[in-house]
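J.: Chains A and B supply the protein sequences, listed in that same order.
The letter at position 29 of the first sequence is residue 28 when you use numbering that gives the first Met the number 0, and the numbering goes up by one with no holes.
The letter at position 59 of the second sequence is residue 58 when you use numbering that gives the first Met the number 0, and the numbering goes up by one with no holes.
Calculated from the structure, these hints are not laboratory results.
Note that the Cβ used here is the ideal one computed from N, Cα and C, for glycine as well.
Treat the hints with care, since some could be wrong.
[Claimed, not checked] Straight-line distance between alpha carbons at most 20 Å, and here's what the computed PhoX-like set of lysine-lysine pairs gives:
1) A/K228 to B/K147
2) A/K228 to A/K26
3) A/K47 to A/K86
4) B/K67 to B/K147
5) A/K26 to A/K177
6) A/K33 to B/K6
7) A/K12 to A/K177
8) B/K6 to A/K233
9) A/K166 to A/K228
[What the hints assert, rightly or not] If you want the ones that stay clear, here's a sample from chain B, every Cβ over 12 Å from chain A, calculated:
10) H87
11) I140
12) P141
13) T186
14) A218
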Amino acid sequence: MTQTKSLIDENGKRTDGRTETELREIKINVGVIKNADGSAFIEFGMNKILAAVYGPREVHPKHMAQPDRCVLRCRYHMTPFSTDTRKNPAPSRREVEISKVMREALEPALMLQDYPRAAIDVYVEVLQADGGSRCAGITAASVALADAGINMRDIVAACAAGKINGKIVTDINDTEDKEGEADMPVAYMPHLDQVTLLQLDGILDDKQFSECLDEAVRGCKVVYEIQRKALMQKYFGEETEMKEEQ
Amino acid sequence: MQEIRRKYVIPGDRIIEGNHRPLFNVLRAGNSLVSTRVGIAEAGREGVKVIPLSGVYIPRTNDIVIGKIMDHSSLSWEVDINACFSAHLPAQDVFGRDFSPARDDMSRELAIGDLITARIIAFDRTRDPMITIQDKDLGKIPRGEFIKISATRVPRLIGKRGSMIQTIEQATRTRILIGQNGVIVVTGRNADGISLAVRAIRMVEEEAHTSNLTQRVKALLGIPESPSETSIGTHNAHSSEDSPSPIRKGEESQEGKEQNPE
Chain A
0 MTQTKSLIDE NGKRTDGRTE TELREIKINV GVIKNADGSA FIEFGMNKIL AAVYGPREVH
60 PKHMAQPDRC VLRCRYHMTP FSTDTRKNPA PSRREVEISK VMREALEPAL MLQDYPRAAI
120 DVYVEVLQAD GGSRCAGITA ASVALADAGI NMRDIVAACA AGKINGKIVT DINDTEDKEG
180 EADMPVAYMP HLDQVTLLQL DGILDDKQFS ECLDEAVRGC KVVYEIQRKA LMQKYFGEET
240 EMKEEQ
Chain B
0 MQEIRRKYVI PGDRIIEGNH RPLFNVLRAG NSLVSTRVGI AEAGREGVKV IPLSGVYIPR
60 TNDIVIGKIM DHSSLSWEVD INACFSAHLP AQDVFGRDFS PARDDMSREL AIGDLITARI
120 IAFDRTRDPM ITIQDKDLGK IPRGEFIKIS ATRVPRLIGK RGSMIQTIEQ ATRTRILIGQ
180 NGVIVVTGRN ADGISLAVRA IRMVEEEAHT SNLTQRVKAL LGIPESPSET SIGTHNAHSS
240 EDSPSPIRKG EESQEGKEQN PE
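Next up, chain B with everything else stripped away, as it sits in the complex:
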């Protein structure tokens, strides 16, 4: 079977001919599959896909996102998740099934402006996304530096099995929470470490598609290069973005990790 790796495409470009399975960001036109986004096309045994290099965040079920409480009604909170739809967090999710709007004070649990880590439990584009904070490592974020990057850069920031983010965390002695919607919260005791981590994240965002990025990030962070890591850095310029699932795993391992460098 014909395989294509790392082919640069823009919308309308033909990726491959024949009866292949379209995965995402591809469209069937006659006998061929064409790209619908600017990105990197890959065709393999499992199907054909384009890893996009630009675009706003579109929610997907089971994504872990970081959101900001914008408002609340008597039954749910309205959360800005950096998408074109605002998410809803039902009050019962926090207070349990015996929630009573008359008895329970919602703004006491989550006030307007609070940041939360949440998981999208339902979204089908006909209704606004529904989120939950009832899971391990979800809930209110007490403190941290808040930054936004393009959601398409999140897999690159995490790196292969979390390599990039671990590098940044260890070098700057910070803890970095990443939402798949491109919202990031950096915490740490040292202000210099936080600002260095923010600079490294911005660098990854701007240069996500270039090769040798890992080396440049290490140079910024002042980490001496070791030969084995260099080879990984040059190789995985985009291979970390294989499919949505490893990204999420990588991220969950980040958020699940209770390591505290301090």
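Just chain A, same shape as in the assembly:
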């Protein structure tokens, strides 16, 4: 990782004008795909990602079915026009990996034993990529799963943190990912206080690692509030305040 330019200017602002702890703007729309059982569209900074959930439905091929639990299948895919130069639409090594880690990040939140012999399919389609698309994908997929009415222990929120110019920052974008020193995507279940995904690309010492993890978890909590608002907006409209009569 060669450092070509300073990623934090003298005012402490990053390349896109954010402060060290600031997240990019996040927008989530729920239920955007009529034919899916659950869906969500997320704009995470410049990332634009669609997530669709189908199921629980019959498993094909049948031999994949588990007698005691549901099969969760995830597909992360980048459209050819999502990047600067055309991306081959065939699944790349990276996409296969992200599909796997995405499945593993969502699985702990789902109560798969409630739907034995069935399958849940999660499709995540990246329409425009700008770094941190796996986190945005997990965030959208989790909202889509809740929209599909699948039993869940908690919502999974995801956010990255990393190190640029020797400083720990939240929500790494594409430039910072490529030119920075470390990138740590984290998926987190806020109510259960459990981490379901932790990857790290780069080198951090002990202190930096825990600082980075804390920062990522803080970011996840911010993301969770947006997820929550989006779901509330879809199902309860203007009455987003928790109504409680005791």
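Given chain A, put chain B in place with the hints provided.
T.: Just chain B now, kept in the frame of chain A:
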């Protein structure tokens, strides 16, 4: 005892603390009960539950469903009941105990594509659901307009003691069969009445969780509002979905009703 009525929740939300009985769509986490679905939480004397607002149909024993014959083997029909499992209707259920695959022609009784009203007699998630048509008001549906809605909207469509569906039926002069799997068959002599009923059903599906729905459905159907009914409409935005049993009763009364508006 602490009571909670109509609290909006998403998965992971804490509903109530303490030693309450979990009914459905709730999970115990430490000392509290949390929701596992997007929906409306209610806690009372009988326990804590979440009425879901989304989700596919999961079969339950004794549900009345509307299914479509997809195929048949020599011993049973395979029926699509709008769930992740296809149901089985044993041939003996129709032909009686002396059924003989060699003698009896199954496709003569129920051909592929036929619609049936059936009751789920057995389902435990380790096997596909088993259904029967041997009961009052069950069996083949000869004609009608076929529509599918989300199964979570069925209680709202029926309304408190069948109020919503009766309103639609009477205003459009149609008869509406509702399966708990979200499959609906509308019959009637007048095509305009059927299409109006379908529009009203779609409206209920899309706006199921909003209040004052009854009033808006009445406006669509062109029914003048009466003050007493208005108050019921605003009040029971979801109270009709109390528990699975009244829903079924409401529905059975619908299907059992032999009223013919024409």
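J.: Given the hint that B/K6 pairs with A/K233, does the C-alpha gap stay at or below 20 Å?
T.: 16 Å, holds
J.: Check the hint pairing A/K166 with A/K228 against an upper bound of 20 Å on the C-alpha distance.
T.: Not OK: A/K166 and A/K228 at ~31 Å, beyond 20 Å, violated.
J.: Taking the shortest Cβ-to-Cβ distance between B/T186 and chain A, state whether it exceeds 12 Å.
T.: With a cut-off of 12 Å, B/T186 remains clear of chain A, as the shortest Cβ separation is near 27 Å.
J.: Measure nothing beyond the straight line between the CA atoms of A/K12 and A/K177; if it is 20 Å or shorter, mark the hint as holding.
T.: 18 Å, holds
J.: Beyond 12 Å from chain A, beta-carbon-wise, is B/A218?
T.: Holds, since 19 Å exceeds 12 Å.
J.: Is it true that the CA of A/K26 sits at most 20 Å from the CA of A/K177?
T.: The hint is violated at about 24 Å.
J.: Compare the distance between the alpha carbons of A/K228 and A/K26 with 20 Å, and conclude whether the hinted pair is satisfied.
T.: Holds: A/K228 and A/K26 sit about 10 Å apart, inside 20 Å.
J.: Looking at B/P141 again, its CB stays over 12 Å from all of chain A?
T.: 29 Å, holds
J.: Straight-line Cα separation of A/K33 and B/K6 no greater than 20 Å?
T.: Roughly 27 Å between the alpha carbons, so the hint for A/K33 and B/K6 is violated.
J.: A/K47 and A/K86: Cα distance at most 20 Å?
T.: Distance of about 16 Å is within 20 Å: holds.
J.: Please settle this one: B/H87 was flagged as non-interface, so is its CB more than 12 Å from every CB on chain A?
T.: For B/H87, whose nearest Cβ neighbour in chain A is about 14 Å away, the distance exceeds 12 Å, so it holds.
J.: Does B/K67 pair with B/K147 here, judged by a C-alpha cut-off of 20 Å?
T.: Roughly 12 Å between the alpha carbons, so the hint for B/K67 and B/K147 holds.
Checked against the numbered hints given earlier, the structure breaks hints 1, 5, 6, 9 and satisfies all the rest.
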